[in-house]
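From first to last, the protein sequence lines are chains A and D. Oh and the first sequence: position 200 is 200 in our numbering, straight run, nothing missing. One rule links them: number in our numbering = place in the second sequence (from 1) + 1000.
It is worth saying that the hints were derived from the structure and are not from the lab. On a predicted model such as this, the values are computed, not experimentally measured, just so you know. Among the hints, a few may not be true.
Derived contacts from chain A toward chain D, CB cut-off under 10 Å, selection only [unchecked claim]:
hint: 1; residue: Met31
hint: 2; residue: Leu35
hint: 3; residue: Thr87
hint: 4; residue: Asp90
hint: 5; residue: Tyr91
hint: 6; residue: Leu92
hint: 7; residue: Leu93
hint: 8; residue: Asn114
hint: 9; residue: Leu138
hint: 10; residue: Val178
hint: 11; residue: Gly184
hint: 12; residue: Leu189
For each label pair, taking beta carbons as the anchor points, the in silico distance ranges come out as [to be verified]:
hint: 13; chain 1: D; residue 1: Arg1034; chain 2: A; residue 2: Ala211; range: 22 to 28 Å
hint: 14; chain 1: D; residue 1: Asn1123; chain 2: A; residue 2: Leu92; range: 17 to 23 Å
hint: 15; chain 1: D; residue 1: Leu1158; chain 2: A; residue 2: Phe195; range: 39 to 45 Å
hint: 16; chain 1: D; residue 1: Gly1167; chain 2: A; residue 2: Ile75; range: 25 to 31 Å
hint: 17; chain 1: D; residue 1: Leu1158; chain 2: A; residue 2: Arg207; range: 30 to 36 Å
hint: 18; chain 1: D; residue 1: Gly1151; chain 2: A; residue 2: Ala209; range: 53 to 59 Å
hint: 19; chain 1: D; residue 1: Met1165; chain 2: A; residue 2: Arg206; range: 30 to 36 Å
hint: 20; chain 1: D; residue 1: Gly1167; chain 2: A; residue 2: Leu149; range: 22 to 28 Å
hint: 21; chain 1: D; residue 1: Arg1034; chain 2: A; residue 2: Lys131; range: 28 to 34 Å
hint: 22; chain 1: D; residue 1: Ala1058; chain 2: A; residue 2: Phe196; range: 41 to 47 Å
Positions of the beta carbon are idealized from the N, C-alpha and C atoms, including for glycine.
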Amino acid sequence: MSAPTSSAQAYAEFVKGLWKENPVFVQVLGMCPMLAVTNSAVNAVAMGAATLFVLVGSSFLVSLLRNHIPKQVRISAYIIIIATFVTVIDYLLKAAAPDIHRELGAFIALIVVNCLILGRQEAFASRNTVKMAVADALGMSAGFAFALLCLGSVREILGSGSLFGVSLFGPNFEPWVVMILPPGGFIMLGLILLFFAWLQERAKARRGASAAQGGA
Amino acid sequence: MGSYIGIFMGALVINNFTLSYFLGLCPFFGVSGRVTTALRLGLANIFVMLITAFCAWALNTYVLPYAPYLNIISYILVIASTVQFVEMVIKKLSPELFRALGIFLPLITTNCAILGLAIFMTNKGFGLGQGLVYALGAGGGVTLALVLMAGLREEAELSDIPSMMRGTAMNLIIAGLLSLAFMGFAGLFSAG
């Protein structure tokens, strides 16, 4: 494959994770961290960054070693690689940003069982070149971070009346506390998915209408 | 004794793993279509959690003091291999039990509720007895959430719901309402 096509393909792999195959809105993967840490936008960004680090690192390593890992033990090998990167980011955050580490708590360690990450290793990184694997990992984690930020900012605006800790509505705003509590997470993600289903339905109806016109 | 009841009830309803910690959501949405399946998955969960509590205690006592940075890797590996081993033993000793629970074991071994149990138990400094009670409560809580969810979904299947809303969106909103109901337990004990 020549160089320009390969970089075009890498770009395509990157973009698909953002929207068309968005891990949260379309594939509904990685729900546990998604709901647990999105009670504020800052937490959402931190979680997105940590996931990006782990996913890109492990995709890189898995794709580098893809011809050396025996098929029978591949899942265990992937899990060890992922767990190594999770341990690194866990200690890194503890040293660099102890407040955020305390807020996220056990959910940093739980990145290791995020099905999104293992899924990308099995479905993509183990079969593609390093460049493609990193592009795919960057796209997927950017899509994941985007989804986290959507949910996190909506919940923080409604639940505490602020965004990134900056108050938006002044002191007279009565915060909708349930939004930063667990039920708010479930309901808000449900509503966001509903919105996406509506978008898809509408796009399908439009395509159907234009196809009918073309036929007539 | 009182502390044991507190740990059990705390994990069962107040800090329910599924509905207030958001752990183990993949099987929660994936396998909660039928009440009987949900119940079996819940029982398998209790079983794996008890094994996990034991493994985590053993690791915390004998291995991790010497190499604390290995905690995540060792929890995952030891839990997964112990569950696999127990699965083989059950298959040999009681094929019936294996048929009832076996297919779920690989599904929940690397589930966040299981790893979460090991981590929370370690953070709270539980010993073996407290850990096992905590695992029983947490597993019971997951079972409760699964069975309630499955019951609601069986009802919802027969109702007239807009097609757009069927599937994950509706399940999430149902889970949100369940979680809201479970918040009512928060005042049960002062120390959850």
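Hints, one by one, checked against the model:
1. Met31: Interface hint status for Met31 (chain A): holds (4 Å vs cutoff 10 Å).
2. Leu35: 4 Å, holds
3. Thr87: 5 Å, holds
4. Asp90: Hint on Asp90 (chain A): holds, closest Cβ of chain D at ~7 Å, below 10 Å.
5. Tyr91: 7 Å, holds
6. Leu92: 12 Å, violated
7. Leu93: 13 Å, violated
8. Asn114: Asn114 (chain A) check passes; min Cβ-Cβ to chain D is 8 Å, inside 10 Å.
9. Leu138: Where the cut-off is 10 Å and the nearest Cβ of chain D is about 24 Å from Leu138 (chain A), the hint is violated.
10. Val178: Check passed: Cβ of Val178 (chain A) comes within 7 Å of chain D, closer than 10 Å.
11. Gly184: 7 Å, holds
12. Leu189: Status holds, d = 5 Å.
13. D:Arg1034 / A:Ala211: 22 to 28 Å: 38 Å, violated
14. D:Asn1123 / A:Leu92: 17 to 23 Å: 19 Å, holds
15. D:Leu1158 / A:Phe195: 39 to 45 Å: Cβ of Leu1158 (chain D) to Cβ of Phe195 (chain A): about 26 Å, so the range 39 to 45 Å is violated.
16. D:Gly1167 / A:Ile75: 25 to 31 Å: With Cβ atoms ~28 Å apart, the hint holds.
17. D:Leu1158 / A:Arg207: 30 to 36 Å: 32 Å, holds
18. D:Gly1151 / A:Ala209: 53 to 59 Å: Given about 40 Å between the Cβ atoms, the range is violated.
19. D:Met1165 / A:Arg206: 30 to 36 Å: 20 Å, violated
20. D:Gly1167 / A:Leu149: 22 to 28 Å: 24 Å, holds
21. D:Arg1034 / A:Lys131: 28 to 34 Å: Violated: the Cβ-Cβ distance is about 45 Å, outside 28 to 34 Å.
22. D:Ala1058 / A:Phe196: 41 to 47 Å: 45 Å, holds
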